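One line per chain: the protein sequences are A and B, in this order.
Going by our numbering, the first sequence opens with residue 1, and the numbers climb by one from there.
Going by our numbering, the second sequence opens with residue 1, and the numbers climb by one from there.
Accuracy of the hints is not assured; some may be wrong.
Chain B side only, calculated, beta carbon under 7 Å to chain A, not exhaustive [claimed, not checked]:
#1 18
#2 30
#3 32
#4 35
#5 80
#6 81
#7 132
#8 156
#9 163
#10 167
#11 184
#12 185
#13 191
#14 197
#15 198
Covered by chain B, per the in silico footprint, the following chain A stretches (three or more residues, Cβ under 8 Å) [claimed, not checked]:
#16 53–59
#17 165–178
#18 183–192
In silico DSBU-like pairs for lysine-lysine, Cα to Cα no more than 35 Å straight-line [stated by the list, open to error]:
#19 A:27 / B:89
#20 B:47 / A:8
#21 A:8 / A:133
#22 B:7 / A:133
#23 A:8 / B:27
Derived by calculation from the structure, the hints in this document are not laboratory data.
All figures in this text were calculated on a predicted structure; none of them were measured in a lab.
Backbone N, C-alpha and C define an ideal beta-carbon position, used for all residues, glycine too.
Protein chains: 2
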Amino acid sequence: MSVSNKKKGVMLVLSSPSGAGKSSICKSLMNLDKNLSLSISTTTRKKRPNEKSGEDYFFVSIEEFKTMLNKNHFLEHANVFDNYYGTDKFLVEKKINNGEDLIFDIDWQGAQQLREKMREDIVSIFILPPNKKELERRLNSRGQDSNEVVKKRMDGASAEITHWAEYDYVVINEDLNKSVEAVLGILKAERMKRIRQVGLVEFVRTISHDS
Amino acid sequence: MSVSNKKKGVMLVLSSPSGAGKSSICKSLMNLDKNLSLSISTTTRKKRPNEKSGEDYFFVSIEEFKTMLNKNHFLEHANVFDNYYGTDKFLVEKKINNGEDLIFDIDWQGAQQLREKMREDIVSIFILPPNKKELERRLNSRGQDSNEVVKKRMDGASAEITHWAEYDYVVINEDLNKSVEAVLGILKAERMKRIRQVGLVEFVRTISHDS
C-alpha cells in the first residue's frame with residue numbers, strides 16, 4: 001500500500017442529560033463501526049452475577065483502587081454512592097496508540113477531567129434532546145415513578161445540560177438514525193485530522209522531490 | 001421546526017501542490033453541495049473576454065485595490081506577476097454570517113494569512129498526492145513541456161508540500177471520488193461544531209427545566 005495508514009485512535013467523549021438518547025446512540029455506533037469500543041471503567045463496586053471483569057468493568061478492591069489513584073493511573077475518577085469508578089490511563093493509551101477508537105459515555109465532570117489530561121486526543125460531543133416536551137416524555141417513560149423521582153431526574157438533566165458549551169460538537173437528537181450518522185460522520189472526519197495521522201512525516205518524505 | 005437551525009458558515013481552505021488533484025476536488029464539491037461556493041477574489045488583473053466581474057473575479061484598478069488594502073479590506077492578498085489578488089473581508093463575513101460555506105483554493109501563504117485573521121472560522125485541508133510517481137505523472141501530463149518547465153513545477157510542488165503540517169486535516173488523494181467524499185465528510189462534521197451553531201444558547205434555554 002502506497003499510503004500512510006498509521007492512525008492514532010480517537011477518544012470520543014459523549015455526554016448528555018439522561019433522556020437525550022445517548023445510550024442508544026452509543027450502542028448503534030459500536031455495531032456500525034468495529035474500530036470503536038466502549039472504554040471499560042475500573043470500579044470498586046461489587047460485581048453482579050451477570051457481569052464479567054474486563055467486559056463490563058474491571059473490578060478491584062478499594063485498596064487496589066487507592067493505590068492506582070495514588071500512582072496517577074486514572075485519567076478521571078469519581079465516587080458514586082460510595083463506589084469508586086475510574087478510567088485507567090494505560091489501557092486508554094494502549095488502545096489509541098494502536099489506532100483503536102474509544103467511546104466514553106461520561107458526564108461533564110468526567111469529560112472535564114479527560115480534557116485536562118488528553119486534550120489533543122479527545123473529540124467531545126454533547127447530545128441534546130430535540131425539545132423540552134420530548135425530554136420530559138423520555139424521563140417519565142422509564143417506569144411508574146413518583147412525581148418526585150421524575151422531578152429529581154429533570155433537575156439532574158437540567159444541571160447536565162448547562163455544560164453543553166464545553167464540548168467540541170453538539171448534536172440535537174431528533175431522530176436516532178440521523179444522530180448516529182452525525183456522530184459517525186464526526187468520528188470519520190476526526191480520523192482525518194493531521195494530528196491523528198501519525199505516519200505523515202514519513203509519508204511526505206517519500207513523495208518529496210529530493211527523496 | 002423545534003430545532004435550532006442557525007449556522008455560521010465554514011471557511012474551507014484547500015491547499016496542495018499542483019498535481020495533487022485539488023481543482024477537480026473543488027469542482028466536484030461545489031456540484032455536490034449547494035451551500036458551498038468558491039470565494040471570489042478581487043484582482044487588478046485585466047479581465048479576459050470570457051470572464052465576468054463578480055463571477056470569476058471582482059476586477060478593480062490598482063488604485064482601488066490599494067485603497068482597499070490601506071483600509072484593511074483584505075483577509076489575505078498577494079502579488080503574482082505584477083497583478084494583485086485579495087480576499088475581501090466584508091464579502092466573506094457576509095456569506096459566513098448568512099450560513100453559507102466558502103471554499104478557498106489557496107496556497108500556504110494565503111492560508112497563513114486567513115488563519116491569522118479568521119482562526120475560528122477556518123477549516124484547512126491539505127491534499128497530498130498518493131505517491132511521488134503519480135505526482136510526477138500529473139505534473140508531466142499537462143502538455144509537451146520541456147524538462148526544465150517540469151522540473152520547475154516539481155520544485156514548486158515540493159516547496160508547497162513542506163507546509164502540510166500547518167493544516168487541520170490531511171487527505172491523501174488516491175481516488176478522486178473517495179477524496180471528495182472525505183472532504184465533504186469533514187465539511188459536514190465541521191458544521192456540527194458547537195462554535196458554528198450560533199443559535200444554541202437560545203435553543204438550550206427552551207429545553208431547560210425552568211423555562
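If you test the structure against every hint from before, which numbers come out violated? Checked against the structure, the hints that fail are numbers 1, 2, 3, 4, 5, 6, 8, 9, 11, 13, 15, 16, 19, 20, 21, while the rest are satisfied.
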